[in-house]
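There are 2 protein chains.
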Amino acid sequence: MPQDFRCDCPFTSALDILGDKWMLVIVKQMLVEGKETFKDFTESDEAIATNILSTKLKLLEEVGIIIKTKRPGNKKTNLYLLTDMGLALTPILAELATWSDSYLRGMHPGIADGEAMEAMRDDKAAFASALEQSYRAKLASIVYEQQ
Amino acid sequence: MPQDFRCDCPFTSALDILGDKWMLVIVKQMLVEGKETFKDFTESDEAIATNILSTKLKLLEEVGIIIKTKRPGNKKTNLYLLTDMGLALTPILAELATWSDSYLRGMHPGIADGEAMEAMRDDKAAFASALEQSYRAKLASIVYEQQ
DNA sequence: AATTTAGCTTTCAAATTGCAAGTAAAAACA
DNA sequence: TGTTTTTACTTGCAATTTGAAAGCTAAATT
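For the protein sequence lines, the chains are R and Z, in the order given.
The working numbering numbers the first residue of the first sequence as 1335 and each following residue consecutively.
The working numbering numbers the first residue of the second sequence as 1335 and each following residue consecutively.
Treat the hints as calculated values from the structure; they're not laboratory data.
On a predicted model such as this, the values are computed, not experimentally measured, just so you know.
A portion of the hints provided could be inaccurate.
Note that identical chains are pooled: a pair holds if it fits in a single copy or bridges any two copies.
[Claimed, not checked] Calculated pairs, SDA-like style, for lysine to any residue (alpha carbon to alpha carbon, straight line, at most 20 Å):
1) K1410 with Y1478
2) K1355 with L1393
3) K1392 with D1354
4) K1472 with T1417
5) K1369 with C1341
6) K1369 with S1475
7) K1390 with D1354
8) K1369 with D1342
9) K1392 with M1441
10) K1355 with T1389
11) K1373 with T1403
12) K1458 with W1433
13) K1404 with Y1469
14) K1392 with T1403
Whole structure, please, built from the sequences with the hints as guidance.
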C-alpha cells in the first residue's frame, strides 16, 4: 500500500503520514519512554489495541520512520528502532508538548508537569537534542541484527 | 462535547486534539494561505468536504484555536480567525514542513519547493516568527466584530 | 423580484478505529 | 521432554470517523 498524498503542500504531506491518533504517539513511546517491543507498546498508558499497533508499526516501517529487527540469538522478540527519519521528528514532539503545556492545562489540568517539562520550558531545542542524543547513544550500545 | 484525553502525557494530549487529517491543515490554510471564510476553505487544494469542514471549525472554536466572527455590516459571511492559541501552532507547522522537505521527497517528488521552502531551510525559527508576525499584522488591520 | 452566493445540514457509503478472542511459534519451566 | 508461558501477531465484528453528493436557508446581488 503506497502512501498517497492529498496535494503538493509540504505541511499537508507530513500530515498525510503523521496526521492520526497513533503515529506520533508510537514514536514518542520509543523516543521518550524507551519502548522497543510489541509488548512494550501494548503496556503503554495510551492503551493501543493490538490490531492497530500492528498496522501502524507496518506503516511506520514502510515509510522509513522505524526499522524492525531482532537481538541476535532471539528469534521471537522483534525490536523496533527509530531511524534518522524517525529521530528527526523529535522537534515536532517537543513543540507539541510545549503547546500542551501552554494551552491545554485549562482543559486538562492533569497534564504531567515534572522535571522533563521544566527542562523543555527552559530550553526546548536543548531538550530535543538531548533526547535525540540519548536515543542515539542507546542505539550505539544495543546489539541487534543489521540489515 | 467536551474533549477527552487518553492520558496525562503532554505529547499525547496535543495529539488528542490535533492528531487527525484536518485540524492542522485548516490552521495552515488560515496562517499560510490567508483563508478566512467557509468558502475559502472549500476551495483549497486539499478539497475538504463541507460536512467535515463544518465539524472541524466547530471543534477548533470550542478548543479555542480560532474564533468565529463577522465583518460589521455583513450578516452572511463568517470570518474565522486564529487566536493566540492557534498562532502558537506556527512552530509545529514549520517543523512538519521541514521534515517533509528532508524526508518525504523520495516518496513524493512533487512537494512544493519555492521561496518559502528556501526561507524555511535557511532559518526555520525566523520563518515561523515572520509568518506569525504577518498574521498578527493582518489581524490588526482588518475590521471585525469583537466579542 | 429573481438569481446567486455563503454557510451550512442531511443522507448514506466507505474507511478507520477499537474491542475481544484466537493463533502460532519461540522460550522458559518442570 | 513435555507443558506452560510469552511474544507477536490475526481475525471478526461493532463503533466511530471520514467522505461524496445533494439539499436547504438566509443574505446579498442583479
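K1369 and D1342: within-copy, between-copy, both or neither at 20 Å Cα: Classified as between; 18 Å across copies, 33 Å inside a copy.
Copy assignment of K1392 with M1441, given that the CA separation must stay at most 20 Å: Between. Shortest inter-copy distance 16 Å satisfies the 20 Å Cα cut-off; intra-copy 34 Å does not.
Alpha-carbon proximity between K1369 and C1341, which holds within one copy, between copies, both or neither at 20 Å: Answer is between: at 17 Å across copies they meet the 20 Å cutoff, but 33 Å inside does not.
Intra/inter-copy verdict for K1404 and Y1469 if alpha-carbon distance must be at most 20 Å: Result: close within a single copy only, 17 Å intra versus 49 Å inter.
Intra/inter-copy verdict for K1392 and D1354 if alpha-carbon distance must be at most 20 Å: So K1392 and D1354 pass the 20 Å test inside a copy (15 Å) and across (19 Å) alike.
Up to 20 Å CA-CA - Y1478 versus K1410, copy category: Close inside one copy (13 Å), not across copies (63 Å); limit 20 Å.
Homomeric proximity label, K1373 with T1403: Cα distance no greater than 20 Å: Within one copy, since 15 Å is at most 20 Å while 49 Å is not.
Homomeric proximity label, K1355 with L1393: Cα distance no greater than 20 Å: The answer is both: 14 Å in one copy and 16 Å across copies each meet 20 Å.
20 Å Cα threshold - placement of T1417 relative to K1472: The answer is within: 13 Å in one copy meets 20 Å, while 41 Å across copies does not.
Intra- versus inter-copy proximity for W1433 and K1458 (alpha-carbon distance at most 20 Å): Cα proximity of K1458 and W1433: in one copy and across copies (11 Å, 17 Å).
Intra/inter-copy verdict for K1369 and S1475 if alpha-carbon distance must be at most 20 Å: For K1369 and S1475, the Cα distance is within 20 Å only inside one copy (15 Å; across copies 49 Å).
Alpha-carbon proximity between K1392 and T1403, which holds within one copy, between copies, both or neither at 20 Å: within (13 Å within a copy, 44 Å between copies)
In this structure, none of the earlier numbered hints is contradicted; all agree with it.
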